[in-house]
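With the hints as your guide, set chain H onto chain B.
Chains as they are written, first to last, in the numbering used here: chain B, 36 to 326; chain H, 436 to 569.
Everything labelled a hint here was simulated from the structure, so no lab data went into it.
Please note: incorrect hints may appear among the correct ones.
[Said to hold, decoys possible] Straight-line distance between alpha carbons at most 20 Å, and here's what the computed PhoX-like set of lysine-lysine pairs gives:
#1 H:438 <-> B:265
#2 H:438 <-> B:267
#3 B:202 <-> B:234
#4 B:265 <-> H:466
#5 H:560 <-> H:466
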Amino acid sequence: MIKIKLHKALHAAQGEMLLDLNLEIEQGTLVAIYGPSGAGKTSTLKILSGLLQPDSGMLSVNDNLWFDTKQKINLKPQQRNVGYLFQDYALFPNMTVLQNLAFALSKKQDRSILQELIEMMELGELQNRKPATLSGGQKQRVALARALVQRPQILLLDEPLSALDRKIRSKLQNYILSIHRKYNLTTILISHDIGEIHKLADKVIILENGQVAQEGTPTDIFINQKISGKFKFTGEVLNIEQEEVVYIVTVLIQNQIVKVIAQSTEIEGLKIGDQVMVASKAFNPIIYKID
Amino acid sequence: MNKLQGQITKIETSGNLSIVHVSITEQIKLKAIVVERPETAPYLKEGNEIAMLFKETEVVMGTDAIHAISLQNKISGVIKKVEKGTLLSKVVLESGAGDIISLISTNAVNQLDLKVGMNAMAMIKLNEVMISTV
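Next comes chain B alone, as it looks inside the complex (with noise of 0.2 Å):
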């Protein structure tokens, strides 16, 4: 469990803001931070990390204090085992991607977690390679595997992914969900993509003006919960087909692909990729028994 108590005066575009934060955040959960630029999210995960000092507050991970103003305590960034990745890839682009992973390890440590985790990320080809080779998501898996590099217990993502199309976006998002389920990591992930928060995260809280506005699952979140359909799921849009007067939108639903007839106006700026709710009332299903 992560506890956040903190208080810190930020310099915003629009003039002074105070960041306010109440949080406790679950051991092992995914939590994304949505909310909009100027908000606070950034300074939230450079707080967490001891990159940006709070004025005031406590902050405790697993039970031990990281920062407290009462008790003088403030943890260095180094003794705080956090990776961080942000948007900008930052790797070393004179050294190959297996010595930038191991420029990462602390002193002693054992060099096995290097292989561990370029069989994880799929890195064995591009070991050998400088970051200049790389593609942008190729670079962003090797930043991602640097960042835990050191075992952390907290991962903590700045817009990771934004940089790269939709596709390996989507195939980063699996390294992410499968390294965080690994390793039992407690992830905080700042993003502006909705669909990528439907698939990544636990829960969302929304931050605006340097304050907590709303806390709850992604579900809870962006889909109008007060909608009275009792047979109700949200998926990914996979094909939209267009059929004499009405479309068929085909959806992925966890692993069943269902199709749902829609008319022009429920298609306008729907695209395939976008997350959507599928509703229907109680009355319709049919239910049978399947021998």
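Same frame as chain B, now just chain H:
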């Protein structure tokens, strides 16, 4: 999806089911049945503004005043547009509550001889109407 906004005028509840009466305009009143009760769904309150949602494929079209029919929701208007496909057609009815779109078979459009300018009635079963807060 057709969407009409109105005010809840009455809620009849029995067990976990409620029939919600909504006044869209003076003349147009719609009903929806939901698996909720006012205690489980805070938006179920007389006087509340609410949206009624129903799929175009659930809208039945008729031409004359039809009295002996079980359908609870009837909206009369004038046909504004008919778009014919081979099997399915889209009929747009202009009503006091706004445009109602109905998707029915092209065969039905031909049988009823539905044409622009005709008076017609859109009907929706009450179990096909969803409600949503606005």
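Practice problem: Starting from the hint list further up, note which numbers the structure goes against and sort them upward. | Solution: none
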